[in-house]
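**Student:** Sequences and hints are given; from them, build the entire structure.
Each chain, written out:
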Amino acid sequence: MSQTVAEPRVTRRRSPQQRSGGGQEARRGRFGWLLLAPFAVSFVALLIVPLGYALWLSLHARSITGAQRWAGFENYVRVFGDESFITGLKRVLWFGVLQAPLMLVLALILALLLDAATTRLSRLARLVAFMPYAVPAVIGVLMWGFLYSPQLGPAAILTQLLGDAAPDLLGKTWVLYSLVNVLTWQMTGYNMIIIYSALQGLPREIYEAARLDGAGGWKLAIRIKLPLVAPAVVLSAVFTIIATLQIFSEPKVMQSTRPDAVPADFTPNMYAYNQAFSYGQFNYSATISFVLGIVIIIGSYIFLFATRRRSGLND
Amino acid sequence: MAIHSARRGRRLMAAAAATAALALGAACSGPGGGGGGSGDTGGGDATDADGVATVTVWAWYPEFQEVVDVFNASHEDVQVELVNAGVGEDAYAKLRTALESGSGAPDLIQMELSEMPSFMVMDGLLDIGPYGATEVADSYPEWVWDQVSQGDAVYAIPVDAGPIGMFYRADLYEEYGLEPATTWEEYRATAEALKAANPDLYLSDFQVGNASNLVGLIQQAGGAPYGYDFSNPEEVVINFDNEITRQVLNYWGDMIAEGLIDDAPYHSTDWDAGIAAGTYLTTIEAAWRPGYLGNIAEATSGSWRVAPMPQWNEGDDLQGNHGGSTFAVTSQTDSPEAAAQVAIEIFGSEEPWEVGIDKAFLFPVFNPVAESPDFLERPYEFFGDQPVNEIFVPAAQSVSPLSFTPFDSFAKSTINEQVASAIAGEQTMDEAAAAIQQILVDYAESVGMTVSEG
Chain A
1 MSQTVAEPRV
11 TRRRSPQQRS
21 GGGQEARRGR
31 FGWLLLAPFA
41 VSFVALLIVP
51 LGYALWLSLH
61 ARSITGAQRW
71 AGFENYVRVF
81 GDESFITGLK
91 RVLWFGVLQA
101 PLMLVLALIL
111 ALLLDAATTR
121 LSRLARLVAF
131 MPYAVPAVIG
141 VLMWGFLYSP
151 QLGPAAILTQ
161 LLGDAAPDLL
171 GKTWVLYSLV
181 NVLTWQMTGY
191 NMIIIYSALQ
201 GLPREIYEAA
211 RLDGAGGWKL
221 AIRIKLPLVA
231 PAVVLSAVFT
241 IIATLQIFSE
251 PKVMQSTRPD
261 AVPADFTPNM
271 YAYNQAFSYG
281 QFNYSATISF
291 VLGIVIIIGS
301 YIFLFATRRR
311 SGLND
Chain B
1 MAIHSARRGR
11 RLMAAAAATA
21 ALALGAACSG
31 PGGGGGGSGD
41 TGGGDATDAD
51 GVATVTVWAW
61 YPEFQEVVDV
71 FNASHEDVQV
81 ELVNAGVGED
91 AYAKLRTALE
101 SGSGAPDLIQ
111 MELSEMPSFM
121 VMDGLLDIGP
131 YGATEVADSY
141 PEWVWDQVSQ
151 GDAVYAIPVD
161 AGPIGMFYRA
171 DLYEEYGLEP
181 ATTWEEYRAT
191 AEALKAANPD
201 LYLSDFQVGN
211 ASNLVGLIQQ
221 AGGAPYGYDF
231 SNPEEVVINF
241 DNEITRQVLN
251 YWGDMIAEGL
261 IDDAPYHSTD
271 WDAGIAAGTY
281 LTTIEAAWRP
291 GYLGNIAEAT
301 SGSWRVAPMP
311 QWNEGDDLQG
321 NHGGSTFAVT
331 SQTDSPEAAA
341 QVAIEIFGSE
351 EPWEVGIDKA
361 FLFPVFNPVA
371 ESPDFLERPY
381 EFFGDQPVNE
391 IFVPAAQSVS
401 PLSFTPFDSF
411 AKSTINEQVA
421 SAIAGEQTMD
431 EAAAAIQQIL
441 VDYAESVGMT
451 VSEG
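Protein chains in written order, with the numbering used here: chain A, 1 to 315; chain B, 1 to 454.
There may be inaccurate statements among the hints.
A few chain A residues facing chain B, derived, Cβ under 8 angstroms [claimed, not checked]:
#1 Ser63
#2 Gly145
#3 Ser149
#4 Gln151
#5 Lys172
#6 Arg258
#7 Pro263
#8 Tyr279
#9 Gly280
Just so you know, these hints were derived from the structure itself, not from any lab.
Each residue gets a CB set at the ideal place from its N, CA and C atoms; glycine is no exception.
**Tutor:** Laid out in structure tokens, this is it:
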């Protein structure tokens, strides 16, 4: 079906008329490149070159006193057998499985509620829901650290009630779930805004038509709004997957107060950071980063492929 | 069809490139902008038109700006510019990045003795022997000088040390009828007595995550976990899994398991609160620690006293050390002579030490100050006017020198993780000691070193 649409376009582009104006097009092309230059320069300098350097590093190795030597895929073989990396990866995957749906459902519900209500209160509610995102991650985590502390914050009530049986929310067993809560608190408002904007952009006539057909508020939300904002939800989900696999700042900050619960290899990104900047293993760190990048690409692709009907990317 | 899938492919490519970029961003951009930001503060400083050399310094001693002011006021041709590059590990991470990238290091950096081998092995520290450093060797105790020098080569000028003592709350000890323990056996009995008198209190906290202090405790028991000599930079001795280490680990592990000693981590809000509120009556700490304790527990100032570390065998005089630092000139400096002069002189007279001792609670290793009666007899307000150096000075003299590996950051983090896992009940302390040994040996071999054990 699409081929029939595609054919004429291709032929039109190669029409003789356009070929005769080739000189003008070339000039236009040069001008286009000129306009592109500021972006291209920074893109190459800040992305392609560092990526190339990281790739080069990952293919080399160095002894503690020696010089760089070619190592081929040695580092890559090591990453896939590295328990620290694999455990960290499993941890962030589990984290994503827990956190992403929880947060997206919350964001979706909030967005639908705010879209349905149009009082002054709803504008305030929108601001309040978004506010945690405006708190810098480091400050947010430090604050939650106090709230979770078994001796200081509200969690201390649990300690008083349950004594030794009270869960240590910052301890080894619970810290991951505590972080799920922190991230959900922080990011729900952000995702809500994405979905809410999509809702605001929907044509109101559809609602009217639906209402005339007898759809109530509930049906309108489920049958009309939800399918129409699905691409926005998918977008939020992709961002969330990427952010989850890369999670760094929150556990890193938590580590400074609870080194017993958050080890240096808690997440793959923390592991890569420590390999480079604490242990001076720049080659191995670059390898970990590359493997993580590939995992993220594959993960994002699988998700986009699985949701292709809803993603709005293929029609 | 073709166009559609191509378009989708392109979008996915873009998404893929973006995700890869984000993932790599963390590894490439460095800690807190250390790479880029430090470029301005780095060793690009040469002598200016008036012949004044500016030396950039990364340091995190408490109240250090005042020491810098003292130096700058008394020097005309050299001026020091202090840069806050973070404390300890943060500053080292930035230095490591600067050394790896070839620019951005300061002229001079505060460096702990335990970290020196890590940076010497990267060729990150300059031999300042030719710039007059060898001439001041006599001003420092031999055990410290041995750690900063290699024959005539001098890689740092020592500043302070961290002899460990037992800090205790005199008021609370009196309230519960306790005496400062002189042996570790007595220390345990004291902890039991306190628990019986008031189950809400702990004699002390183990400070999970404070590997350096733990190594000091092991050192005091007669252990030496590492052996390293810079003349053979690719050889290292790892001796962590032995009777002494296991004895120390089990001693604390058993008391934690019985609830006699708390296990709030080092630097945690709970530890700070416990010290401030008097939940912990004792803490085994280095001499420089009051400089930090003062901030955490200002209200308790004056209630603390210091006693010597309890001994494993009655009548022994074995001591431990935690920390202690130096000033090292980095290999990226443009003005090695001026940087060496600052390293030698900034704490190399009595005036700066007035700030260093009065306000920063540093424990000097500069003999003219450390051996002066003024220092020995000096009363400390934090310790209820007790002249605590009567305890710390002999302790510092009895400390046996300790070597550190050129991967101390990794070693510390391994110790912290394994010990924490034992305290959480996931393994025994004996297993933790064996695991630490194995992990460190494997690591040393993975970076191309020859390891001997035991």
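**Student:** It remains to establish, for every hint, whether it holds in the given structure.
**Tutor:** Outcome of the hint check:
| no. | hint | verdict |
| --- | --- | --- |
| 1 | Ser63 | holds (3 angstroms) |
| 2 | Gly145 | holds (6 angstroms) |
| 3 | Ser149 | holds (5 angstroms) |
| 4 | Gln151 | holds (5 angstroms) |
| 5 | Lys172 | holds (6 angstroms) |
| 6 | Arg258 | holds (6 angstroms) |
| 7 | Pro263 | holds (5 angstroms) |
| 8 | Tyr279 | holds (5 angstroms) |
| 9 | Gly280 | holds (5 angstroms) |
The structure is consistent with each of the numbered hints, conforming to all of them.
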